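*Asks:* The residues making up each chain are set out below.
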Amino acid sequence: MNDEEENLAVVTVFGVDKPGIVAGITGVLASYNVNIVDISETVVRGLFTMIMIVDLRTSNVQLPFLKEKLEEKARELSVTVSTNHISVFKYMQRV
Amino acid sequence: MSYKFSAKEVTEVLDMLLFQNLDIRAVTLSINISPAISHDINITLTRIEKTMKKYTTKFYNVVNEVSEKYGVKIVTKRLSLTPISLFLEPLSYDLNLLESKKNAIEIAKLIDKIAVEDKVDFVGGYAAFVHKGETKGDVVLMESLPEVLASTKTINSMINVASTQTGINMDAVRVMAKKIKEVSEVTENGIGCTRLVVSANTPEDNPFMPGGYHGFGENEASVNVAISGPGVIENVVRNLEASDFRTLHEAIKRAAFKVTRLGELVGRKVAESLGVAFGSVDISLAPSPKIGDSIAGVIEAMGLESAGVHGTILALAILTDAVKKGGAMAVSHIGGLSGAFIPVSEDSLMTEAFRRGSMSIEELHALSAVCNTGVDMVAIPGDTPVNIIAGIIADEMAIAVTLDKSLGVRIIPVPGKKEGEEIDFGGLLGKATIVKVRNLDNSKFVERKGVVPPFVERLRKG
Numbered sequence: 001m002n003d004e005e006e007n008l009a010v011v012t013v014f015g016v017d018k019p020g021i022v023a024g025i026t027g028v029l030a031s032y033n034v035n036i037v038d039i040s041e042t043v044v045r046g047l048f049t050m051i052m053i054v055d056l057r058t059s060n061v062q063l064p065f066l067k068e069k070l071e072e073k074a075r076e077l078s079v080t081v082s083t084n085h086i087s088v089f090k091y092m093q094r095v
Numbered sequence: 001m002s003y004k005f006s007a008k009e010v011t012e013v014l015d016m017l018l019f020q021n022l023d024i025r026a027v028t029l030s031i032n033i034s035p036a037i038s039h040d041i042n043i044t045l046t047r048i049e050k051t052m053k054k055y056t057t058k059f060y061n062v063v064n065e066v067s068e069k070y071g072v073k074i075v076t077k078r079l080s081l082t083p084i085s086l087f088l089e090p091l092s093y094d095l096n097l098l099e100s101k102k103n104a105i106e107i108a109k110l111i112d113k114i115a116v117e118d119k120v121d122f123v124g125g126y127a128a129f130v131h132k133g134e135t136k137g138d139v140v141l142m143e144s145l146p147e148v149l150a151s152t153k154t155i156n157s158m159i160n161v162a163s164t165q166t167g168i169n170m171d172a173v174r175v176m177a178k179k180i181k182e183v184s185e186v187t188e189n190g191i192g193c194t195r196l197v198v199s200a201n202t203p204e205d206n207p208f209m210p211g212g213y214h215g216f217g218e219n220e221a222s223v224n225v226a227i228s229g230p231g232v233i234e235n236v237v238r239n240l241e242a243s244d245f246r247t248l249h250e251a252i253k254r255a256a257f258k259v260t261r262l263g264e265l266v267g268r269k270v271a272e273s274l275g276v277a278f279g280s281v282d283i284s285l286a287p288s289p290k291i292g293d294s295i296a297g298v299i300e301a302m303g304l305e306s307a308g309v310h311g312t313i314l315a316l317a318i319l320t321d322a323v324k325k326g327g328a329m330a331v332s333h334i335g336g337l338s339g340a341f342i343p344v345s346e347d348s349l350m351t352e353a354f355r356r357g358s359m360s361i362e363e364l365h366a367l368s369a370v371c372n373t374g375v376d377m378v379a380i381p382g383d384t385p386v387n388i389i390a391g392i393i394a395d396e397m398a399i400a401v402t403l404d405k406s407l408g409v410r411i412i413p414v415p416g417k418k419e420g421e422e423i424d425f426g427g428l429l430g431k432a433t434i435v436k437v438r439n440l441d442n443s444k445f446v447e448r449k450g451v452v453p454p455f456v457e458r459l460r461k462g
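Going down the list, the protein sequences come from chains A and B.
For the first sequence, the working numbering gives the first residue as 1, with consecutive numbering after it.
For the second sequence, the working numbering gives the first residue as 1, with consecutive numbering after it.
Hints were generated in silico from the structure; no laboratory data involved.
Note that the coordinates shown come from a computational prediction; the quantities given were computed from them, not determined experimentally.
Careful: at least some of the hints might be erroneous.
[Claimed, not checked] Straight-line alpha carbon distances no greater than 25 Å define the calculated SDA-like cross-link-like pairs of lysine to any residue that follow:
| hint | chain 1 | residue 1 | chain 2 | residue 2 |
| --- | --- | --- | --- | --- |
| 1 | B | Lys8 | A | Val61 |
| 2 | B | Lys73 | A | Val95 |
| 3 | B | Lys4 | A | Glu76 |
| 4 | B | Lys69 | A | Ser78 |
[Claimed, not checked] Taking beta-carbon pairs under 7 Å as the criterion, some of the chain B residues facing chain A (in silico):
| hint | residue |
| --- | --- |
| 5 | Tyr3 |
| 6 | Leu14 |
| 7 | Tyr70 |
| 8 | Gly71 |
All residues carry an ideal CB built from backbone N, CA and C; glycine is no exception.
Bound conformation, chain A alone:
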């Protein structure tokens, strides 16, 4: 695995759509200098879903720490966030 890939994570946010979700979550990422590589929004089963691929190379925090901070923010916003290393998706969705 190259250095770039080792530092990529997928951040998925789901919940009832309301103002401030994108700002709240991306605000946490910005505060730790985490770069958003790709972002998309969609509605899955009636729930607002935001999927971001983020790069931690520019940041000085580790994934478990970021995960905890994102979960704190998600609780505040009454949404659910899942933060997983990109390998999980690569392993399960690519042959």
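For chain A, the structure is supplied; the task is to place chain B on it using the hints.
*Replies:* Structure of chain B alone, referenced to chain A:
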């Protein structure tokens, strides 16, 4: 490779992880502790501690770090050790049984203490291989079982009494039937029996308990992984109510690929962080007592009213075959039992099927033909005679050596309980209904002495 994933791909994975109980059932660290084999109990104990500690002190943290980094739940951390019967050979050389048992118990207690200290859930390897006959070390180990299982929390024991190569050691089957009764009488509700399996053709790299041990062909240390995931498969099957068999099989296979792939990822990462070899992934889907994490649930989703009704063997055969085909592609090194598991009390809907009367011990024997469990986590009346337990083990061993499979019996006579009563073993072990056992006399048969010679399947190996 593109890092882009569609919303469907991302949410499919998250659905599995967050809502369908997909997790890693166990990361099992298999350790060679044989440098501790000595005629001096003090050397044995010191070296066991030293060899185990080399790995176990960091094991808990490493597994948790991998779990957090990848966002994947890892339910239990386990160890597999060199079979303890080997340690008892030199230690028992010039001692009588009673004195030798003291050494065995001391070893078990030390390993249990280390496991508790380093937050390991279970330790396998309190094991003996007696499929053609017993040596003194084996006898000491088997005789020590009631005290060992009563005085430890984490120790798991496996006694291999049959193999395709050598036949079925009925003397050992009878001894183990008696030990199962004794263990049940000295542990609360017979719970010690949940850490004891009598098996045939046991694999060397099994991540599951109680069968796990560090095999004779293994290296110094390696990581073996056990996955879960019946919930994922059940969900797939529920969405295919009217599909034909081929479509059903294909869908299970595709989902099984994804589920087992997660085991491959976690195994690689834990092994890398621990600096040990990545051993294997057991591609069996392990159920848990949670709702939506049941093998019986998958069978019922295929269109059967209850597990055990006519059609169940085919349903389980389809599941096992599709899981094997998907898993074989997902995993670089298949290991352990790699079939389907139906530990009764650990599978809420299987327990329900027993309560309803659609499942029975006889049906479990029949299902052994198409899965890799046997009679597992089955609670029976506390007053079941030893010869009946021996008969249940004998039947399962016969299937195992005839079909050249790994199968076992983990049966719990619950003291004071009668057929139809309930027992709660707690946690992952789940609830069980005390099942019906046919008590007609088999003693003249099972009490015959000796070893049943290997069946003709032996000749396939030359």
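*Asks:* The structure should be examined with respect to each hint, and the outcome stated for every one.
*Replies:* Here is how each hint holds up against the structure:
Annotation: proposed proximity of Lys8 of chain B to Val61 of chain A is violated, straight-line Cα distance about 29 Å (limit 25 Å). A threshold of 25 Å between alpha carbons decides the hint, and for Lys73 of chain B with Val95 of chain A the separation of about 23 Å falls inside it, so the pair holds. A distance of roughly 29 Å separates the Cα atoms of Lys4 of chain B and Glu76 of chain A; the hinted pair therefore is violated under the 25 Å criterion. At roughly 23 Å between alpha-carbon atoms, Lys69 of chain B and Ser78 of chain A fall within 25 Å of each other, so this suggested pair holds.
Interface restraint check: Tyr3 of chain B against chain A, minimum CB-CB distance 6 Å, threshold 7 Å, status holds. Using the Cβ-Cβ criterion of 7 Å, the hint placing Leu14 of chain B at the interface with chain A is satisfied: the shortest such distance is roughly 5 Å. For Tyr70 of chain B, the interface hint holds, the least distance from its beta-carbon to any beta-carbon of chain A being 5 Å, beneath 7 Å. Hint status for Gly71 of chain B: holds, given a least beta-carbon distance of 4 Å to chain A, under 7 Å.
Of the numbered hints listed earlier, those contradicted by the structure are 1, 3.
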